[in-house]
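**Student:** Sequence:
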Amino acid sequence: MMKRNTTISKMMLAFMLTAMLVFMAACGANNANNNANTGNANASEAPVQSEQPADSPAASETAYPLTVTDATGTELTFEKAPTKVVSLAPSETEVLYAVGAADEVAGVDSYSNYPAEAADKPKVGDMTTNIEAVAALNPDLVLASSSMNADAVEQLRKLNITVLATDPKTYDETIAKIETIGKIMNKTSEAAQVATHMRDVKQQVTDAVKDAPKKLVYLEFSPGWTVGSGTFLDELLTIAGGTNVGAGQAGWYEVSAEEVVKENPEIILYPDLGEDPNPIVTGITSRPGWNAIDAVKNKQMFEVGNDETSRVGPRLADALLQVAKALHPDLVK
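Read in order, the letters of the sequence shown are residues 212 to 544 in our numbering.
Mimicking DSS-like on lysine-lysine, the simulated pairs with C-alpha atoms at most 30 Å apart in a straight line are:
(1) K421 <-> K536
(2) K473 <-> K426
(3) K508 <-> K473
(4) K544 <-> K508
(5) K295 <-> K332
(6) K425 <-> K510
(7) K369 <-> K334
(8) K425 <-> K473
(9) K295 <-> K334
(10) K334 <-> K291
(11) K425 <-> K544
(12) K425 <-> K508
(13) K510 <-> K536
(14) K536 <-> K426
(15) K332 <-> K291
(16) K421 <-> K544
(17) K426 <-> K508
(18) K421 <-> K508
Hint data in this document are derived by calculation from the structure and do not stem from the laboratory.
Use the sequences and the hints to build the structure in full.
**Tutor:** Shown next, in the form of structure tokens:
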């Protein structure tokens, strides 16, 4: 089991690092440290937008034709709800299931492990999408990340396969993505329920910590790597009543051990990597000088869910609650 978990952890780390490299190549040297979940530098400034005719019926039903513009600036028009959808990212898979479109899921990437039944769907690749496998499923829609799946998006579009590429960088943009996918799938009521829950959780946490002193927090999402400004994880820390010690830089980057000691965080957060001992904890406790950090001395180091904190999908609400409870256990239950 440990060997399997180690393999999974390494694959997930490689997956996230690949996403960062894709982003840096897309945005150029001046923006190389920006959010690893950002796609096309020009087109992804705003969330996915959708347009419906003026005489659209009630929100419980989508009026077609429906036109949306995705994170790459590509305009897509749907004449009806897609019936065969392939997901290239775990976050997109989770959205499809959350809005009640499980029956329409024709294939997923190998990292799609939630909900459990997603594992039974045909696989179309991991970090590298198997274009032939996707095409063989004859999908009428492919959901992808414009940064992590950039090459696949381009190749699939050359085959005239419809691809909706998204790249939310904030909690609210994640909600907007879910609502858009729900509208495309004619699952607007279900998507609205997911969106309402996520907004309620955000409001719950915001209200709970609004008068609380900010906690100084360090988050290490993978051994030796932290998260800076302009990322959804930095935003989660802020909403949860924290101040990210890594916010001095943008995006996802390798830590400066000396700088973290200097900042002296009160709390350290890290994801569950499925290994015992957690390699992040091993690294933290073995670094010179880190035993003097308040979070380490006072045993204020807390584990959070890996998938929840790394996927821009419906469980981002769970991630926010986990972070808020770690930072302010007396205020957030």
